[in-house]
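Participant: Taking the hints into account, I'd like the entire structure generated from these sequences.
Those protein sequence lines, which keep their order, are chains A and B.
The C-terminal residue of the first sequence carries number 105 in our numbering, and the numbering is unbroken.
The C-terminal residue of the second sequence carries number 1105 in our numbering, and the numbering is unbroken.
Calculated directly from the structure, the hints in this document are not laboratory data.
Take the hints with a grain of salt, since some may be wrong.
[Claimed, not checked] Computed footprint of chain B on chain A, listed as stretches where at least three residues anywhere in the stretch have a Cβ under 8 angstroms from a Cβ of chain B:
1. 38-45
2. 53-60
3. 83-92
Cβ atoms here follow ideal geometry from the backbone N, Cα and C, with glycine treated the same way.
There are 2 protein chains.
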Amino acid sequence: MNDLYVQIATLEIHPSQIAAYRLAVEEQAKTAIEKEPGALALNAVANKDDPTRITVFEIYRDRAAYESHLKAEHFLRYKATVETMVKSLKLTLVSPVVLATKPHA
Amino acid sequence: MNDLYVQIATLEIHPSQIAAYRLAVEEQAKTAIEKEPGALALNAVANKDDPTRITVFEIYRDRAAYESHLKAEHFLRYKATVETMVKSLKLTLVSPVVLATKPHA
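Facilitator: Shown next, in the form of structure tokens:
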């Protein structure tokens, strides 16, 4: 677990672009988990009281896996697609304290 | 996935209490995942550049499962233990956009 590269992305989306952004991040996350051996989890959520506020909780096997992700074709396509949808983006690098998940959840 | 109850807790911990807080949240999260059928994920992380800042990404099967969690003996013990360690706590209710996780990750 010590090598894991874990990041929290917080984004603000232009209100008119919420539906389009949700589709783009869904496709990107599913493709990353399917195609990138080092992408372990990509969980995107929207604030209930403000759906323009998105948080993405990202877990990669290690830093190299994250760097591969940044170069992956599906990630580059996502970046280009959402560029005009995203009002702000903040990336916070974090380290795991405890990652407890139900098996097969 | 529509019934899931997903919450992000952001906490600030008193600097002298970081080690004790980490142990308490680790025990609580592992116990919840093991003992509560409706607790699906409890992932706690610390900011790399400020370890007093903790984020907990929590997934429950539904609202009733979250309410059971709040009454569970291990959760009540955790709350009592960390009461003086926590400087601030903010809970943000969110809804899933995409939860993509590697099988067996």
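Participant: Evaluate each hint against the coordinates.
Facilitator: Each hint tested on the structure:
1. Beta-carbon proximity to chain B at under 8 angstroms applies to 7 residues in the region 38-45 of chain A; the threshold of 3 is reached and the given coverage holds.
2. With a cut-off of 8 angstroms between beta carbons, the region 53-60 of chain A has 4 residues touching chain B; three or more are needed, and the interface restraint holds.
3. Three residues within the 8 angstroms Cβ limit are the bar, and the region 83-92 of chain A against chain B gives 1, so the coverage statement is violated.
Comparing the model with each earlier hint shows a violation of hint 3 alone; every other hint is respected.
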